[in-house]
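A.B. asks: Guided by the hints, dock chain B onto chain A, whose structure is given.
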Amino acid sequence: MSQDGHESGGVNLPADSVGGVPADTVIEARDVRYAIDGRPIFAGLDLTVRRGLITAVMGPSGTGKTTLLRLITGEICADQGRVAVFGRDMATLRTRELYATRRRMGVLFQNGALLTDLTVYENVAFPVREHTDLPEPLIRKLVLTKLEAVGLRGAAELMPAELSGGMARRVALARAIVTDPEILIYDEPFVGLDPISLGVILRLVKQMNDALKITSVVVSHDVHEIATIADYSYLLSGGKVVGAGTPAELARSESPTVRQFMTGGAEGPVRFHYPAADYATELLGVER
Amino acid sequence: MSAAARAGVLEVVRKTGETGVFFVRVLAACIPALSRPRLIIEQIYNAGARSLIIIMLSGLFTGMVLGLQFYDVLNRFGATEALGTAVALALLKELGPVLTALLFAGRAGTALTSEIGLMRATDQLTAMDVMAVDPMRHVVAPRFLGGLIAVPLLTAVFTVIGLFGAQLIGVQFLGVDHGIFWSQAQSAVALKDVTEGVVKSVVFGAVLSLIAVNEGYHSEPTAEGIGRATTRTVVASSVMTLLLDYVLTAVFL
Numbered sequence: 001m002s003q004d005g006h007e008s009g010g011v012n013l014p015a016d017s018v019g020g021v022p023a024d025t026v027i028e029a030r031d032v033r034y035a036i037d038g039r040p041i042f043a044g045l046d047l048t049v050r051r052g053l054i055t056a057v058m059g060p061s062g063t064g065k066t067t068l069l070r071l072i073t074g075e076i077c078a079d080q081g082r083v084a085v086f087g088r089d090m091a092t093l094r095t096r097e098l099y100a101t102r103r104r105m106g107v108l109f110q111n112g113a114l115l116t117d118l119t120v121y122e123n124v125a126f127p128v129r130e131h132t133d134l135p136e137p138l139i140r141k142l143v144l145t146k147l148e149a150v151g152l153r154g155a156a157e158l159m160p161a162e163l164s165g166g167m168a169r170r171v172a173l174a175r176a177i178v179t180d181p182e183i184l185i186y187d188e189p190f191v192g193l194d195p196i197s198l199g200v201i202l203r204l205v206k207q208m209n210d211a212l213k214i215t216s217v218v219v220s221h222d223v224h225e226i227a228t229i230a231d232y233s234y235l236l237s238g239g240k241v242v243g244a245g246t247p248a249e250l251a252r253s254e255s256p257t258v259r260q261f262m263t264g265g266a267e268g269p270v271r272f273h274y275p276a277a278d279y280a281t282e283l284l285g286v287e288r
Numbered sequence: 289m290s291a292a293a294r295a296g297v298l299e300v301v302r303k304t305g306e307t308g309v310f311f312v313r314v315l316a317a318c319i320p321a322l323s324r325p326r327l328i329i330e331q332i333y334n335a336g337a338r339s340l341i342i343i344m345l346s347g348l349f350t351g352m353v354l355g356l357q358f359y360d361v362l363n364r365f366g367a368t369e370a371l372g373t374a375v376a377l378a379l380l381k382e383l384g385p386v387l388t389a390l391l392f393a394g395r396a397g398t399a400l401t402s403e404i405g406l407m408r409a410t411d412q413l414t415a416m417d418v419m420a421v422d423p424m425r426h427v428v429a430p431r432f433l434g435g436l437i438a439v440p441l442l443t444a445v446f447t448v449i450g451l452f453g454a455q456l457i458g459v460q461f462l463g464v465d466h467g468i469f470w471s472q473a474q475s476a477v478a479l480k481d482v483t484e485g486v487v488k489s490v491v492f493g494a495v496l497s498l499i500a501v502n503e504g505y506h507s508e509p510t511a512e513g514i515g516r517a518t519t520r521t522v523v524a525s526s527v528m529t530l531l532l533d534y535v536l537t538a539v540f541l
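Protein chains in written order, with my numbering: chain A, 1 to 288; chain B, 289 to 541.
The following block holds chain A by itself, in its conformation from the complex (with noise of 0.2 Å):
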């Protein structure tokens, strides 16, 4: 297993690389460092994503997942280090090429960021509309077939405000592939779906990186979901990459960090309370 995914003895990764960088390389970043207000989030990351594989991001609350993403697409810029996205550091991008590199991917947020003014039908076609001069019945078909992968064609005239967390998440999916992306970066997918719901998102995922080849980012907590569809998985810990490889050499990981995570323990080097004074002395104390 490595630290930054070079070497992976579960999934096959082509050996051949261009100046030192392999060849199907979509996302990379090396050496990373970021901080906000001071607090440093990330302490030199190193991570690399490979074309046609699902790559799994996970790690405690706060480590930075979210950030991360943030940084891939190019809404902030590392204080060090590069990342980079199909080649091209995004920190140096001018607007238009920036634009033009987020055209060719697709993200789902956490929090599904529907476009409330619109029904769920006009959210889907929001970047075909915005992107494309397809006749509409073209975009009719294109918006129903992803609606209906997510199972949501029969809510398509609904308002945003009508849907629940886990419906406007499907969505918001269906808005993130409607321009069949090359990359696909999913923010906490499975949070809020219900049993039935999450099963077809996950072999959604599966099928669209199987069928079309998308490269996915998958940032969850859901472990043993997660496990049964990624190819590869990074564990961020303390700004940095403390465990990578498959699902299965995870598993299998004598990492303490690792094991903690992979198996939900309160005690071990990643801690479950936030840093506080003494509980007894707190409690037997001085009330304030």
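Check each hint, because a few of them may be wrong.
[What the hints assert, rightly or not] Beta-carbon label-pair distances, calculated as ranges:
#1 B:Pro325 with A:Thr228: 48 to 58 Å
#2 B:Thr537 with A:Ala91: 48 to 58 Å
#3 B:Ser526 with A:Glu97: 41 to 51 Å
#4 A:Gly87 with B:Gly296: 42 to 52 Å
#5 B:Ser290 with A:Thr92: 39 to 49 Å
#6 A:Pro275 with B:Glu299: 32 to 42 Å
[What the hints assert, rightly or not] Chain B residues, not near chain A, derived (Cβ > 10 Å throughout):
#7 Arg294
#8 Ile328
#9 Gly366
#10 Leu406
#11 Val421
#12 His426
#13 Ser475
#14 Met528
#15 Leu532
#16 Tyr534
#17 Thr537
It should be emphasised that the hints constitute simulated quantities derived from the structure, not laboratory data. Here a beta-carbon is modelled for each residue, glycine too, at the ideal position from N, C-alpha and C.
C.D. replies: Leaving out everything else, chain B in the frame of chain A:
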């Protein structure tokens, strides 16, 4: 100068510079936004048509009060036939643009700020940006243009209804001659007076819309943050309206 005062001045300079840069970005986004007239028309409807009732009611009552007050003052000098002149000039040059602007800030400005602020808080603006759709072009510019166009139109409605209200009181209830009321109003109002009102309403429309979208776009993405941004919109809009009214009046005199 104390450290606190220096920090306050620096904050004002920073905020002014930030708003200036934002204004340039909005203007730049307005050009491509013009190619989507549907979005602008929607915003004219939201900011303008939906404010019509409050503007018409306020215009009517303002005109009625003006009719009463001016009649009372003019009656002391035996000059009640000048009622039409006084009301028309007051409404066209001052009360029409200023009161419409204040009402617009309270009704549409706050709605713009909270709408954009909520879009920020729920990641809608970020989602657009990540979908390679510029939120400045798709959200901010159409709302700015909508407000810019709506305020002069609302001012015209306010002024017309106000004149009707003054006429209702002066002519129908207080007995001023109908012909004299309108002929005095018509002969006293010059193109310069109309221009002053139009220029004021356009400037108010631009400034108030800019304040509203700027506060919404830069609001903290929390319920409290949106509330504070909405309050700032009303306060800044009211102060700027009265300040600019003085400046523009001085320029036109």
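A.B. asks: Against this structure, judge whether each hint is valid.
C.D. replies: Each hint tested on the structure:
1. Against the hinted window of 48 to 58 Å, the Cβ-Cβ separation of Pro325 (chain B) and Thr228 (chain A) comes to about 49 Å, which satisfies the hint.
2. Separation of Thr537 (chain B) from Ala91 (chain A) is about 50 Å and conforms to the stated range, judged on CB atoms against 48 to 58 Å.
3. Roughly 43 Å separates the CB atoms of Ser526 (chain B) and Glu97 (chain A), a value that falls within the hinted 41 to 51 Å.
4. Roughly 48 Å separates the CB atoms of Gly87 (chain A) and Gly296 (chain B), a value that falls within the hinted 42 to 52 Å.
5. Taking the beta carbon of each, Ser290 (chain B) and Thr92 (chain A) are about 43 Å apart, inside 39 to 49 Å as hinted.
6. In this structure, Pro275 (chain A) and Glu299 (chain B) meet the distance hint of 32 to 42 Å, their C-beta atoms being roughly 33 Å apart.
7. A cut-off of 10 Å between C-beta atoms confirms that Arg294 (chain B) is not in contact with chain A; the least separation is 24 Å.
8. For Ile328 (chain B), the condition that its CB be more than 10 Å from all CB atoms of chain A holds, with the nearest at approximately 15 Å.
9. The claim that Gly366 (chain B) is not at the interface with chain A holds, since no C-beta of that chain comes within 10 Å of its own (minimum 58 Å).
10. Annotated as non-interface, Leu406 (chain B) brings its C-beta within 10 Å of a C-beta of chain A; the closest such distance is 8 Å.
11. Not every beta carbon of chain A lies more than 10 Å from that of Val421 (chain B), the smallest distance being close to 5 Å; the non-interface claim is violated.
12. Taking the minimum C-beta to C-beta distance to chain A, about 8 Å, the non-interface status of His426 (chain B) is violated against the 10 Å cut.
13. Separation of Ser475 (chain B) from chain A is adequate, the least Cβ-Cβ distance of about 49 Å exceeding the 10 Å criterion.
14. With a least beta-carbon separation of about 28 Å from chain A, Met528 (chain B) lies farther than 10 Å from that chain, consistent with its non-interface assignment.
15. Here Leu532 (chain B) stays apart from chain A, with its beta-carbon at least about 31 Å from theirs, past the 10 Å limit.
16. Interface exclusion of Tyr534 (chain B) from chain A stands, the closest Cβ pair being 38 Å apart, more than 10 Å.
17. Taking the minimum C-beta to C-beta distance to chain A, about 39 Å, the non-interface status of Thr537 (chain B) holds against the 10 Å cut.
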